[in-house]
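Residues in the sequence shown are numbered from 1 upward in steps of one, following full-length UniProt numbering.
To be clear, the hints were calculated from the coordinates, so they are not data collected in a lab. Fair warning: there could be bad hints in the mix.
Ranges of calculated distance between the beta carbons of each label pair, as one might list FRET restraints [to be verified]:
#1 N42 - I14: 15 to 25 angstroms
#2 E48 - H2: 30 to 40 angstroms
#3 S50 - S4: 28 to 38 angstroms
For every residue, glycine included, the Cβ atom is placed at its ideal position computed from N, Cα and C.
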Amino acid sequence: FHCSNAFGMESGKISDDQISASSSFYDGRWEPRQARLNNEDNAWTPSEDSNKEYIQ
1 FHCSNAFGME SGKISDDQIS ASSSFYDGRW EPRQARLNNE DNAWTPSEDS NKEYIQ
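Take these sequences, add in the hints, and give me the full structure.
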C-alpha cells in the first residue's frame with residue numbers, strides 16, 4: 001500500500017499536543033511526540049510490554 005500524501009507526523013503539521021498514547025515509559029524521554037517518522041532522538045516507548053498499548 002502506497003500513501004501519496006503525507007499526514008504530518010514527519011513535518012510537524014500534526015503538533016506534539018495532538019499526539020497521545022496509552023502510556024509512556026516513566027523517565028520522560030520516550031514520549032508520544034517522539035513517534036515521528038525519521039525522528040533522530042529517542043522513540044516512543046510504552047510503560048508496559050503489552051499488545052494493548054497504542055499511539056494516536
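We went through each hint and held it up to the structure:
1. N42 - I14: 15 to 25 angstroms: 18 angstroms, holds
2. E48 - H2: 30 to 40 angstroms: Check passed, 33 angstroms falls within 30 to 40 angstroms.
3. S50 - S4: 28 to 38 angstroms: 33 angstroms Cβ-Cβ, so the 28 to 38 angstroms window holds.
In summary, the structure agrees with every hint in the numbered list given earlier.
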